[in-house]
Amino acid sequence: MTGAVGEAPEQELGKNGIRELDLRLLRRLLVYLRPYRVQVAVSFALLLAVSALGIAAPYLVKLTIDQALESGGQIAARLAELHKIGLLYVAVLLVTAVVHYGQIVLLQSTGQRVMHDLRQDLFGHIMRQDLQLFDRQPVGRLMTRLTTDVEAINEVFTSGVVTVAMDVFTLLAIMGVMLWMDWRLALISFVVIPPLMGMSMAVRARLRESFRKVRVRVALINSFLQEHIAGHAVVQTFNQQERRLQRFTRFNRDHTDAHLETVAAFAVFYPVVQILSTFAVGLLLWSGSKMVATATVSLGTLVAFVQYSQRFYRPISDLAEKFNILQGAMAACERIFELLDQQAAINPPAVVRGRPPARGEVAFEDVWFGYGNGQPVLRGLSLRVRPGERVAIVGSTGAGKTTVISLLSRFYEVERGRVLVDGVDVRDWDPRELRQQIGVVLQDPRLFSGTLEQNLRIWNDALDGRTLHDAVERIGLSDVITRLPNGLREEMREGGSRLSTGERQLVAFARALAHNPPVLVLDEATASVDAATEARIQAAIEVLLRGRTSLVIAHRLSTVRGVDRILVLHHGRLLEEGTHEELVARDGLYRRLVEIQLGGNGTAGRNVAA
Amino acid sequence: MGSTGAGKTTLVRLLTRQYDGYQGRILVDGAELRRLRVADLRAGTGYAPQDGFLFSDTLRENIVFGAPDLGDAAVEQLARVSRLERDRAAFPQGWATLVGERGVTLSGGQKQRVAIARALAPDPTLLLLDDVFSSVDTETEAELLAELKAAWKGRTVLLVTHRLLGVQGADQILVMERGRIVERGTHAGLIEAGGLYERLFHQQMAEAELDVLGGGA
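Top line first, the protein sequences correspond to chains V and Z.
First residue of the first sequence? That's 1 in my numbering, and the numbers climb one at a time after it.
First residue of the second sequence? That's 1 in my numbering, and the numbers climb one at a time after it.
In short, the hints are calculated from the structure, not lab data.
Warning: the hint list may mix true and false statements.
[Unchecked claim] Among chain Z residues calculated to face chain V with C-beta under 10 angstroms, some are:
id, residue
1, 17
2, 67
3, 71
4, 115
5, 121
6, 168
7, 189
[What the hints assert, rightly or not] Just the calculated beta-carbon pair ranges, DEER-fashion:
id, chain 1, residue 1, chain 2, residue 2, range
8, V, 225, Z, 86, 28 to 36 angstroms
9, Z, 93, V, 582, 43 to 51 angstroms
10, Z, 181, V, 402, 47 to 55 angstroms
11, Z, 3, V, 482, 24 to 32 angstroms
12, Z, 181, V, 379, 38 to 46 angstroms
The C-beta atom is built at its ideal place from N, Cα and C for all residues, glycine as well.
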């Protein structure tokens with residue numbers, strides 16, 4: 001048993017866990033508030049109004065006592081005064097309720113919109129990243145950024161910054177009003193502020209550590225759960241259910257303990273605050289009563305002071321908790337910006353030089369590339385495909401065939417050399433326009449959840465119905481569609497499980513055909529389908545490739561026969577090229593590949609060549 | 001062996017009783033699988049899944065996952081058999097190195113080799129290796145196979161693979177296609193029969209040959 005599991009992530013998270021109010025981060029967050037500055041300004045104004053109205057209430061109580069109850073004038077006049085103040089009090093309460101309602105709605109909806117924008121930015125950012133990000137980052141971590149962390153940032157707005165601002169404002173305003181009403185009583189009320197602040201800060205320091213522990217341990221539990229749900233088959237087949245449960249018990253208990261620490265801190269804190277504030281009120285009543293007796297202070301003022309001081313101690317004691325919420329949110333904020341700051345390796349060029357529609361000329365010039373593990377996959381690959389030419393790429397596993405597709409669509413950046421489309425480096429194309437020029441049909445085409453039609457369009461609304469139907473017809477997908485209960489409107493499950501492998505292939509073909517790209521890349525499927533389906537797929541491929549530059553990663557001899565030229569890739573280089581007949585006659589690698597396909601002995605190959 | 005979707009992984013999963021809803025019978029030591037105690041069945045089974053799923057723990061913890069009481073000597077032995085040892089220099093803290101979430105810090109081949117060591121750790125009588133060589137290079141595969149041959153003496157081994165060159169010595173080779181076994185027999189017998197196996201075998205033979213040829217060209 002090693003303790004490493006718990007410790008390493010705890011340290012790692014600890015680094016980000018403690019985050020004081022970071023102005024640099026706050027400033028970046030403010031950028032997201034800018035589009036809503038009107039709402040934010042109004043919300044703040046309403047907030048001030050709520051605070052001010054809250055301060056008005058005790059003052060009205062003072063007026064009631066001093067001018068209606070204790071004034072000693074005519075009963076009728078005092079009653080009239082009482083009515084007036086009473087109505088005013090009700091009015092203040094009503095207005096406070098309405099303003100507060102408006103303030104909450106406005107603030108919360110702005111918070112939700114900011115989150116919406118942030119998620120939008122994050123998702124867009126992730127979608128723009130090159131594939132290497134996904135090779136490196138666990139998917140779970142990216143998901144957390146988009147969900148939990150964005151949620152935490154909302155707290156910065158709604159419970160953090162705004163309420164702290166409101167508390168501070170209320171505090172200062174009350175202090176001002178108190179000093180204005182009677183500075184001696186005010187100073188007496190302020191006596192407990194230093195110990196209250198001191199307590200609050202001390203507890204904050206303790207809570208900060210406890211809350212950090214809670215966050216770290218929640219993260220540990222989350223990743224433990226995620227891992228064991230995904231790997232439950234491994235746990236079961238190794239009979240480790242009991243032991244894993246014990247391990248979980250440990251994490252779970254640690255988490256509970258951390259929570260209990262915060263509970264303990266609060267449990268001490270609030271009673272002490274209660275004692276301190278009760279003491280303060282007592283002190284106020286004790287010295288205030290004497291002043292009322294000597295008529296240096298009115299009774300109304302004293303009552304108002306008691307009410308004010310109650311509104312006064314609460315925010316001070318709450319500051320501790322608010323700061324902790326802010327800290328958590330700041331940590332989330334930092335993680336989000338860290339992701340947003342990650343530069344996409346694939347960037348649109350400053351000056352776009354490639355112009356669609358392309359003629360469909362493709363060239364690789366001395367291209368070197370590896371997937372970042374020190375193993376080059378392409379080692380100086382050079383090849384050229386003329387517009388409209390049909391080319392097959394053959395080679396054994398690991399020769400670099402699939403990498404050619406990825407580089408052509410610029411999913412990865414080349415290390416050395418150039419990839420050209422229409423004589424223009426792919427780095428000088430707008431990546432979006434480049435990818436519109438290149439249709440890619442992969443071995444196991446992915447269907448997204450949505451209708452079949454949406455899957456054919458891939459959300460391209462510009463595509464008119466006729467083109468779509470035409471493509472479906474020509475690929476031979478119509479009878480598949482008529483068989484589906486809802487036709488084109490049929491909902492596809494994730495991964496397209498309602499269709500067979502062969503039918504999914506046809507959908508992918510129709511999709512490519514409808515979008516009519518000048519260049520088509522096809523990774524021929526190796527999965528076993530029955531002979532009838534195979535024939536349909538071959539016919540569809542023929543339709544799809546006609547009239548465009550095509551690169552086919554071929555696995556079958558029958559496909560290779562129909563192309564203009566064959567490129568034989570080996571260890572990331574172009575080793576041979578030519579027509580089937582030329583290559584067989586040459587007696588090189590291709591000849592051997594053909595012989596293998598035809599049954600492994602040399603004579604069969606020679607028969608083909610003859 | 002068999003192509004994608006032929007049902008190889010399903011077969012292995014049924015044997016570890018990850019799924020129960022099959023028709024027909026599966027017999028282990030003559031007893032129907034569903035009659036055996038799951039814990040007993042699994043205790044005698046070493047399983048290396050296709051993706052080599054690892055936990056975010058140390059290498060050592062992953063290796064002894066199914067046999068937590070193993071000592072250092074046994075871990076060294078397992079690392080040797082799984083050819084993990086030769087990568088030791090790449091692990092900063094040796095076997096105490098953390099592998100990251102789902103083993104993200106390891107290469108595909110390293111992950112698979114850890115999974116093989118893990119499968120061997122409980123000293124199982126039945127060893128199920130599901131396509132464990134897919135991410136290791138041919139050279140490592142050959143070395144692994146040579147070492148493993150010693151390790152699987154006295155065990156029943158079911159090896160799912162796409163590469164046929166290393167397994168000619170198997171007592172029985174089963175060729176699957178669309179959920180059925182279409183060919184079965186020894187290497188010699190299947191070559192003789194001249195079916196799918198024979199074709200694939202020669203194709204791979206020639207590809208291996210091409211590797212040598214092409215590397216020199």
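Quick rundown of the hints versus the structure:
no. : hint                              : result
1   : 17                                : holds, 8 angstroms
2   : 67                                : holds, 8 angstroms
3   : 71                                : violated, 13 angstroms
4   : 115                               : holds, 9 angstroms
5   : 121                               : holds, 9 angstroms
6   : 168                               : violated, 15 angstroms
7   : 189                               : violated, 17 angstroms
8   : V:225 - Z:86: 28 to 36 angstroms  : holds, 35 angstroms
9   : Z:93 - V:582: 43 to 51 angstroms  : violated, 56 angstroms
10  : Z:181 - V:402: 47 to 55 angstroms : violated, 31 angstroms
11  : Z:3 - V:482: 24 to 32 angstroms   : holds, 30 angstroms
12  : Z:181 - V:379: 38 to 46 angstroms : holds, 41 angstroms
Violated hints, listed in ascending order, are 3, 6, 7, 9, 10; each of the other numbered hints is respected by the structure.
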